[in-house]
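Visitor: Here is how the chains run, residue by residue.
There are 2 protein chains.
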Amino acid sequence: MSSNSPILAIDAMGGDHGPSVILPGALEAARQTGARLLLVGEKNLLEELLPGLDTQGADFEIVHASEVAGMDEKPSDILRRKKDASIQVACRLVRDGRADGVVSAGHSGASVACGMFIMGRVAGVERPALASILPTEKAPVVLLDVGATVDCKPYHLFQFGLMGHALARDLLGRETPRIGLVSIGEEEGKGNCQVKEAYDLLKMATQIHFAGNIEGRDLFTGNVDVAVCDGFVGNVALKLSEGLSMSLSRVLKRELLSSGVLPKIGTLLAKSAFKRFAKVVDYAEYGGAPLIGLQGVSIVCHGASNSKAITSATRMAALFVEKETNKRLVEAICANEELTRYGRSC
Amino acid sequence: MSSNSPILAIDAMGGDHGPSVILPGALEAARQTGARLLLVGEKNLLEELLPGLDTQGADFEIVHASEVAGMDEKPSDILRRKKDASIQVACRLVRDGRADGVVSAGHSGASVACGMFIMGRVAGVERPALASILPTEKAPVVLLDVGATVDCKPYHLFQFGLMGHALARDLLGRETPRIGLVSIGEEEGKGNCQVKEAYDLLKMATQIHFAGNIEGRDLFTGNVDVAVCDGFVGNVALKLSEGLSMSLSRVLKRELLSSGVLPKIGTLLAKSAFKRFAKVVDYAEYGGAPLIGLQGVSIVCHGASNSKAITSATRMAALFVEKETNKRLVEAICANEELTRYGRSC
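Chains A and B, in that order, give the protein sequences. In terms of numbering that gives the first Met the number 0, the first sequence is numbered consecutively and its last residue is 345. In terms of numbering that gives the first Met the number 0, the second sequence is numbered consecutively and its last residue is 345.
In isolation and in its complexed conformation, chain A is listed as follows (with noise of 0.2 Å):
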């Protein structure tokens, strides 16, 4: 749907804090950005919640839902069982053009299959992705798929790559994306099955800057805009990272500490240092990833998310609405279907 200020379905009810982190986060974004909030969960809970929060200049209703999507529950479960999880009901109201998108910090699976099968995919494209945006030293990078589809062929590699540059335009401002496909050497030939035939398709496809393969140590240089890969090693590159930055601030805060030299002179540029240190490995700048491929908006937050990652993934959704995000995914995808229909034929 489209009107003149993006209205997004909040999942009020997801992430490990619940309602009193979301509400507060997504009703800043509101206020920033003018959207309108439909916030989606148990009515009642929403209702007590809102006098203590400050919603002033901020457009918001509630929609209930009864359900609430358990973390340990499997996504096929809850698609079947759940109808009334607050992920469905708010995946429906964009499904039935209430809304344009929908935020989630719940159940990351659940939040792919609904968006899959309740909000459907793009005509034309194959496999929805979920895209990370990575800090790195330079500009920000655009990863992806990093979990929504885990067993790729070539053609859905392609396919990333074009959607991943409709993404990388409008979320970065760059006009045309630097494309990398991320294999084990820079040179046309590395790689493994799917990622050569997919340089292959890449190298030929219409509208898009390929800049062909690049490594594992350059997703943080910020040479490409966006970097291509299978949902599989994404999500381990992606949470390789997390874990090895926390590693070596660990061990970095422990030398510090027990540096001796200047004990608070160390603490202050630690913390200094730290706060530098943190920003690049700071997920809740973008707060969330973006599951692309799918008819309307949806973005995916991790389910620690504070205020601040839900504000920042409530400003995002609002931003692919106003940009019209998913109209160049699909002229990208429409311009290359000629080489997709080939790749499937292989």
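There may be inaccurate statements among the hints.
Remember, identical chains collapse to one label, so a pair may be satisfied in a single copy or spanning two.
[Stated by the list, open to error] Here are the simulated DMTMM-like pairs of lysine to aspartate or glutamate, each with C-alpha atoms no more than 25 Å apart in a straight line:
| id | residue 1 | residue 2 |
| --- | --- | --- |
| 1 | Lys-195 | Asp-58 |
| 2 | Lys-152 | Glu-241 |
| 3 | Lys-202 | Glu-174 |
| 4 | Lys-322 | Glu-72 |
| 5 | Lys-202 | Asp-71 |
| 6 | Lys-73 | Asp-150 |
| 7 | Lys-137 | Asp-150 |
| 8 | Lys-195 | Glu-125 |
| 9 | Lys-73 | Glu-214 |
| 10 | Lys-307 | Glu-330 |
| 11 | Lys-189 | Asp-76 |
| 12 | Lys-73 | Glu-186 |
None of these hints come from the bench; they were simulated from the model.
Starting from the known structure of chain A, fit chain B onto it as the hints suggest.
Guide: Quick look at chain B alone, frame taken from chain A:
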């Protein structure tokens, strides 16, 4: 071959810095371990260099090789056309029983190809694996494969687990190393097709301790001793770790330098912190990646290796010979022969 002390063929010509770095590194290891070295390379060049080096207490001889594998040549071309390349000659010394192992910092692809086709695989091993020893906050972890076999069947991953067991046992001194399978969720049933099937095989394996799936973030926690993945995932993970560590340390350095708060103390602290920091990502600690599953020992070093890294790699080669790691590897492979066959038939 087997003798009182290990005999190691050293590719003296390999690496970005050539014999002037390889020789002193290897000689130091010979002194430390009592290993006998066969220094393989251009005889005249090596004879010119040796008088300027500390050779005391090192047992060595020169084996002439007239050619060098170029870094821009294809491994298959080196294998077919450069019969007298130092890496080929070194691998033939192992094949012919004149040496127990080979150490090279030359063209990695050539080391893998020559190892596989000249030294040959251990009977029962389907594919060799390149293992990287990652430093973690606790004990090091063996990650394999990091690039020898990029297109993996489930039973290849299964065998990597068995080989990783033998390696970690001798290298990390753990009686029953914990084997983790790299996936995108800890629960059984998470992963791509290959990983799900490999899980089933590993669960049934005898002689090893399979600890289940691990995620990317667990790689640097040290909660498993061996992390199993295909060569594509492992290579991306390894290079990503290198790249991210370097990025983070650059950001931190910049921050400390520009903090303005008593810059000298900042630098002091930074130096101290960086020392420990670098240790976490110091790949010279172990020096090289064991290429396992071959008849004989092979250590593949980084092209940029310094002498310290070559010393570490040569010591590691000597350790594997002394511990007869390949015997243990064969035991684990044989004990699980039926399972491998079952996996191959799936």
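Visitor: With 25 Å as the alpha-carbon cut-off, assign the pair Lys-137 and Asp-150 to within, between, both or neither.
Guide: This pair counts as neither: shortest intra-copy Cα distance 31 Å, inter-copy 33 Å.
Visitor: Is it within a copy, between copies, both, or neither that the alpha carbon of Lys-73 lies no farther than 25 Å from that of Asp-150?
Guide: Intra 19 Å, inter 30 Å, cutoff 25 Å: intra-copy only.
Visitor: My question is about Lys-152 and Glu-241: at a cut-off of 25 Å on alpha-carbon distance, are they close within one copy, between copies, both, or neither?
Guide: Answer is neither: 27 Å inside a copy and 28 Å across each miss the 25 Å cutoff.
Visitor: Indicate which option fits the pair Lys-195, Asp-58 if close means a Cα-Cα distance not exceeding 25 Å: within, between, both or neither.
Guide: neither (49 Å within a copy, 47 Å between copies)
Visitor: For the identical chains here, do Lys-189 and Asp-76 meet the 25 Å Cα criterion within one copy, between copies, both, or neither?
Guide: between (40 Å within a copy, 16 Å between copies)
Visitor: First find the shortest C-alpha distance between Lys-202 and Asp-71 inside one copy, then the shortest across copies, and answer within, between, both or neither for a cut-off of 25 Å.
Guide: Answer is between; shortest inter-copy Cα gap is 23 Å, intra-copy 42 Å.
Visitor: Is the C-alpha distance from Lys-73 to Glu-186 at most 25 Å within one copy, between copies, in both cases, or in neither?
Guide: For Lys-73 and Glu-186, the Cα distance is within 25 Å only across copies (12 Å; inside one copy 41 Å).
Visitor: I want to check one pair: Lys-195 and Glu-125. Are their C-alpha atoms no more than 25 Å apart within a copy, between two copies, both, or neither?
Guide: Close inside one copy (19 Å) and across copies (23 Å); limit 25 Å.
Visitor: At 25 Å max between alpha carbons, let me know whether Lys-322 reaches Glu-72 within a copy, between copies, both or neither.
Guide: neither (35 Å within a copy, 48 Å between copies)
Visitor: Check Lys-307 against Glu-330 for me: Cα-Cα at most 25 Å, and say if that holds within a copy, between copies, both or neither.
Guide: So Lys-307 and Glu-330 fail the 25 Å test inside a copy (33 Å) and across (55 Å) alike.
Visitor: I want to check one pair: Lys-202 and Glu-174. Are their C-alpha atoms no more than 25 Å apart within a copy, between two copies, both, or neither?
Guide: within (19 Å within a copy, 50 Å between copies)
Visitor: Is the C-alpha distance from Lys-73 to Glu-214 at most 25 Å within one copy, between copies, in both cases, or in neither?
Guide: Answer is between; shortest inter-copy Cα gap is 19 Å, intra-copy 34 Å.
Hints 1, 2, 4, 7, 10 from the earlier list are contradicted by this structure; the remaining hints agree with it.
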